[in-house]
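Residue numbers (my numbering), protein chains in the order written: chain A, 1 to 118; chain L, 1 to 114.
It is possible that some hints are incorrect.
Claimed, not checked - Pair ranges (Cβ atoms, derived):
1. L:Pro-114 to A:Leu-83: 21 to 27 Å
2. L:Asn-61 to A:Asn-77: 49 to 55 Å
3. A:Asn-77 to L:Gly-8: 24 to 30 Å
Unchecked claim - Short derived list, chain A residues pointing at chain L, Cβ under 10 Å:
4. Arg-9
5. Phe-47
6. Phe-69
7. Arg-73
Since the hints were derived computationally from the structure, they do not count as laboratory data. Since we're looking at a predicted model, the values are computed, not measured. Where a beta carbon is used, it is the ideal one built from N, C-alpha and C, also for glycine.
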Amino acid sequence: KAGVTQTPRYLIKTRGQQVTLSCSPISGHRSVSWYQQTPGQGLQFLFEYFSETQRNKGNFPGRFSGRQFSNSRSEMNVSTLELGDSALYLCASSARQGQTPLANTEAFFGQGTRLTVV
Amino acid sequence: AQSVTQLGSHVSVSEGALVLLRCNYSSSVPPYLFWYVQYPNQGLQLLLKYTTGATLVKGINGFEAEFKKSETSFHLTKPSAHMSDAAEYFCAVRMDTGRRALTFGSGTRLQVQP
């Protein structure tokens with residue numbers, strides 16, 4: 001079974017630009033979560049999508065957004081990039097039943113997209 | 001809100017020595033607990049998880065962790081360190097109510113000396 005695939009692996013963008021990152025979850029997984037990892041703040045939850053709807057959201061500004069498609073693939077978008085947005089962005093997929101995530105199931109992570117804002 | 005504390009941002013051990021990485025959580029009810037490992041420029045890989053049942057959990061690569069409710073701890077151990085264990089380790093919790101997102105500790109970088 002293929003794992004979680006994130007593209008691209010590396011990105012360099014200029015301050016003020018916008019960027020879109022892509023995540024394909026494990027086949028059969030319908031929940032996709034996004035996390036930001038920085039040396040200063042560590043791993044922080046951005047949002048979770050399930051059945052094309054955002055179910056949970058972390059404490060990030062509105063410049064950070066996402067969506068999920070009918071095939072469960074997800075994209076996240078960051079507009080008006082700032083230097084502080086430089087980070088490793090990780091996507092994770094989990095099994096979910098109905099409207100409730102299986103909290104005791106693990107999240108499977110992709111290799112991440114390393115975004116550098118210059 | 002739950003939180004996770006990992007004591008020691010850096011731990012150094014000799015090859016063959018015991019590995020002990022500490023994790024304490026704070027929440028009003030016992031959460032679900034996870035340990036992840038991250039190698040350089042990689043994503044997170046699950047080592048083990050505690051949900052319910054046996055408090056001693058065995059994971060991959062010889063790691064195990066014990067859930068101690070009275071101490072709100074979930075420390076990770078390995079009897080004998082190997083050079084390939086050098087990586088960063090993250091403890092995480094997830095609740096069965098509310099947001100249900102993973103809350104991570106700040107991580108512990110394990111160095112294994114030859």
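So which of those numbered hints doesn't the model satisfy?
1, 2, 3, 6, 7
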